[in-house]
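A.B. asks: Fit chain B to the supplied structure of chain A, relying on the hints for placement.
Quick note, the sequences are listed as chains A and B, same order. For the first sequence, this note's numbering assigns the number 1 to the initial residue and increments by one for each residue that follows. For the second sequence, this note's numbering assigns the number 1001 to the initial residue and increments by one for each residue that follows.
Do not take every clue at face value.
What the hints assert, rightly or not - With a straight-line Cα cutoff of 20 angstroms, these simulated EDC-like cross-link-like pairs (lysine to aspartate or glutamate) come out:
1) Lys105(A) x Glu72(A)
2) Lys105(A) x Glu1041(B)
3) Lys105(A) x Asp1083(B)
4) Lys1105(B) x Glu1082(B)
5) Lys1038(B) x Asp38(A)
6) Lys1056(B) x Glu100(A)
7) Lys3(A) x Glu1041(B)
8) Lys1026(B) x Asp1066(B)
9) Lys105(A) x Glu1082(B)
10) Lys3(A) x Glu22(A)
11) Lys1026(B) x Asp59(A)
12) Lys1026(B) x Glu1053(B)
13) Lys70(A) x Glu57(A)
14) Lys1105(B) x Asp38(A)
15) Lys1038(B) x Glu100(A)
Because the hints were derived from the structure by calculation, they are not lab data.
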Amino acid sequence: DMKVTQMPRYLIKRMGENVLLECGQDMSHETMYWYRQDPGLGLQLIYISYDVDSNSEGDIPKGYRVSRKKREHFSLILDSAKTNQTSVYFCASSLGGDTEVFFGKGTRLTVV
Amino acid sequence: SQLAEENLWALSVHEGESVTVNCSYKTSITALQWYRQKSGEGPAQLILIRSNEREKRNGRLRATLDTSSQSSSLSITATRCEDTAVYFCATVPNYNVLYFGSGTKLTVEP
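So that you can see chain A by itself, here it is in the shape it has in the complex (with noise of 0.2 angstroms):
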């Protein structure tokens, strides 16, 4: 069953306080991805990772950082979040390239 797992799937925090968002597929996909998504704004791509320790930053890093330790595990972490990090956040994978893009369901982070 090929999925890409979200956890938690709601979140609220506390401005200044850390988060971890954290995300596992079982495609054994070697690349995966975090997006935002904000109403209007479709998708915005933060990081992007090719393989474990292997990541590069997207269109909008400031604020986060990654890591990617297995294969199947992509974590979103933000150190003091910020009221405007408060969005919809994306974990995707895929074989790379231009192929299909796997995305789970998402987490929605409130930062109060």
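C.D. replies: Relative to chain A, chain B alone:
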């Protein structure tokens, strides 16, 4: 993303009608993908059309690609209520990196 953009924010049709969503992009691409996102879910790919293809079909869906005008369209025939979703085009201007438009919200009414 300015690299891909749908031309309408929202569309509404009645069940059984056909509808077309259009997309324009601003750079050379290796492929263009159409995704659908239903409420509360992540996007799911509908069609991938490569830069050397002009048309691709998937059931009731038909995508076209015109690289000379840097545009693409997604047509849905015999729409159903369950086609209600946001439709995104996404381009792959660089190897591995998928850029999304801001989406067209399609509502199919009974």
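A.B. asks: The structure should be examined with respect to each hint, and the outcome stated for every one.
C.D. replies: Verification of the supplied hints:
no., hint, result
1, Lys105(A) x Glu72(A), "holds, 16 angstroms"
2, Lys105(A) x Glu1041(B), "holds, 5 angstroms"
3, Lys105(A) x Asp1083(B), "holds, 18 angstroms"
4, Lys1105(B) x Glu1082(B), "holds, 13 angstroms"
5, Lys1038(B) x Asp38(A), "holds, 15 angstroms"
6, Lys1056(B) x Glu100(A), "holds, 15 angstroms"
7, Lys3(A) x Glu1041(B), "holds, 13 angstroms"
8, Lys1026(B) x Asp1066(B), "holds, 12 angstroms"
9, Lys105(A) x Glu1082(B), "holds, 18 angstroms"
10, Lys3(A) x Glu22(A), "holds, 14 angstroms"
11, Lys1026(B) x Asp59(A), "holds, 16 angstroms"
12, Lys1026(B) x Glu1053(B), "holds, 18 angstroms"
13, Lys70(A) x Glu57(A), "holds, 19 angstroms"
14, Lys1105(B) x Asp38(A), "holds, 14 angstroms"
15, Lys1038(B) x Glu100(A), "holds, 17 angstroms"
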